[in-house]
Amino acid sequence: DSSGGNVFALDTRLANVLTHQMKKPYPSKVQQAVWPHISRAVSSTEAVKTEQEFRNVLIAAETGSGKSYAYMLPIINNILKFPDVYNYVSCGDKDTALNNDAYSYPSVLVLVPNKLLATQLLEMTCTVLNALNADEGVMVTAAAIVHESSADGWPFRHNMKFAPRILICTPAYVSVFYRNKLHSKALSLCIRHVVLDEADMLIDGGYLSHVLAVLDCYRASNKKTKTKTAIRLSQGHTQSVYSGTVHTPQ
Numbered sequence: 001d002s003s004g005g006n007v008f009a010l011d012t013r014l015a016n017v018l019t020h021q022m023k024k025p026y027p028s029k030v031q032q033a034v035w036p037h038i039s040r041a042v043s044s045t046e047a048v049k050t051e052q053e054f055r056n057v058l059i060a061a062e063t064g065s066g067k068s069y070a071y072m073l074p075i076i077n078n079i080l081k082f083p084d085v086y087n088y089v090s091c092g093d094k095d096t097a098l099n100n101d102a103y104s105y106p107s108v109l110v111l112v113p114n115k116l117l118a119t120q121l122l123e124m125t126c127t128v129l130n131a132l133n134a135d136e137g138v139m140v141t142a143a144a145i146v147h148e149s150s151a152d153g154w155p156f157r158h159n160m161k162f163a164p165r166i167l168i169c170t171p172a173y174v175s176v177f178y179r180n181k182l183h184s185k186a187l188s189l190c191i192r193h194v195v196l197d198e199a200d201m202l203i204d205g206g207y208l209s210h211v212l213a214v215l216d217c218y219r220a221s222n223k224k225t226k227t228k229t230a231i232r233l234s235q236g237h238t239q240s241v242y243s244g245t246v247h248t249p250q
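Here the sequence shown is numbered in our numbering, starting from 1 and rising by one per residue.
Keep in mind that the hints were calculated from the coordinates and are not lab data.
Mixed in with the good hints there might be a few duds.
Straight line, CA to CA, 20 Å or less: simulated SDA-like cross-link-like pairs of lysine to any residue [what the hints assert, rightly or not]:
#1 LYS185 - ALA172
#2 LYS115 - LYS29
#3 LYS24 - ASN133
#4 LYS23 - ARG13
#5 LYS24 - ALA9
#6 LYS115 - SER39
#7 LYS23 - MET124
#8 LYS181 - HIS210
#9 LYS181 - ALA163
#10 LYS181 - LEU212
#11 LYS115 - THR245
#12 LYS29 - GLY64
#13 LYS24 - PRO36
For each label pair, taking beta carbons as the anchor points, the in silico distance ranges come out as [unchecked claim]:
#14 ASP204 - THR63: 30 to 38 Å
#15 ASN180 - PRO25: 24 to 32 Å
#16 ASN56 - ASN180: 21 to 29 Å
#17 MET139 - LYS23: 39 to 47 Å
Computed from a predicted structure; not experimentally measured.
Where is the CB? At the ideal position from N, CA and C, for every residue including glycine.
Hey, can you work out the whole structure from these sequences and the hints?
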C-alpha cells in the first residue's frame, strides 16, 4: 500500500505522518533494504528473535540516498510499537541508580563525529518527531549533546528532566560515562540500538578509543543475554548499526 505498512509493519501513526505530513509514502531503495533488519516485527510480550534475525547492521550508500532515515525511521517505529521495551523503567536493576529516582537514560544512542552532523541529524529526526507529537499526540523525544570537553556528570535526572528516547552525541562526550561503572551498567541495560553515523569517520584517528569504550560495553552485555536459540530483546540486547557514505568515482 502507499504507506508501506503491510510490508514494513509500520505503526499507523508514523505511516500517517510520512504519507500526509512529510509526503514520503514510499521508501527509498536503501530504506527498503535496511528496514527489516532493524524493525521489530514481534509483539513486546514475545520480544524474541533468533540470533540470525537480530544481527548488527551495516549501511553503505551514497549521499542523498536516505540512509539516515533508513535506520532512524524503523527505530522510531520500534519505539512507537513497543514502548515498554524502549523505556528506561523496564530496565530497572537494584544494583544501579535506575530505581532510586536519580537518573534516567535514553533507549537509542547515535554517535556522530562532530557538532555539525549532530545538529543536522537532530533536525532531521525532529521533523518526524514534531509531526508525531503534534498530530498523533505522541511524546517521543530526541536531543543532541555536542560538548567536546569531558563531561562533569550525567545530564539527565528524574527530578530535573527525563532523558530523551534518542540521544545524539559525539563519542568523546559519551565515552566518559561508559568508563563509569554505574552509568555503563545502566546504559548497557537501557540502550536498544547504538548507531555509528558516518562510521568510516568514527573509526579513524582520534575517535577510535572513544568508540571502542562504548562498543565494548555492549559486547559484554550482549553475551549475557544470548541463549543457544534466541536473544531476548526485553532483557537488554543491543543492536549496533553502522552507517557510512559510499563515494562514487567521478
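For each hint, the structure was consulted:
| no. | hint | result |
| --- | --- | --- |
| 1 | LYS185 - ALA172 | holds (18 Å) |
| 2 | LYS115 - LYS29 | violated (28 Å) |
| 3 | LYS24 - ASN133 | holds (18 Å) |
| 4 | LYS23 - ARG13 | holds (14 Å) |
| 5 | LYS24 - ALA9 | holds (16 Å) |
| 6 | LYS115 - SER39 | violated (28 Å) |
| 7 | LYS23 - MET124 | holds (14 Å) |
| 8 | LYS181 - HIS210 | holds (16 Å) |
| 9 | LYS181 - ALA163 | holds (19 Å) |
| 10 | LYS181 - LEU212 | holds (16 Å) |
| 11 | LYS115 - THR245 | holds (18 Å) |
| 12 | LYS29 - GLY64 | holds (12 Å) |
| 13 | LYS24 - PRO36 | holds (18 Å) |
| 14 | ASP204 - THR63: 30 to 38 Å | violated (18 Å) |
| 15 | ASN180 - PRO25: 24 to 32 Å | violated (44 Å) |
| 16 | ASN56 - ASN180: 21 to 29 Å | holds (25 Å) |
| 17 | MET139 - LYS23: 39 to 47 Å | violated (24 Å) |
Checked against the numbered hints given earlier, the structure breaks hints 2, 6, 14, 15 and 17 and satisfies all the rest.
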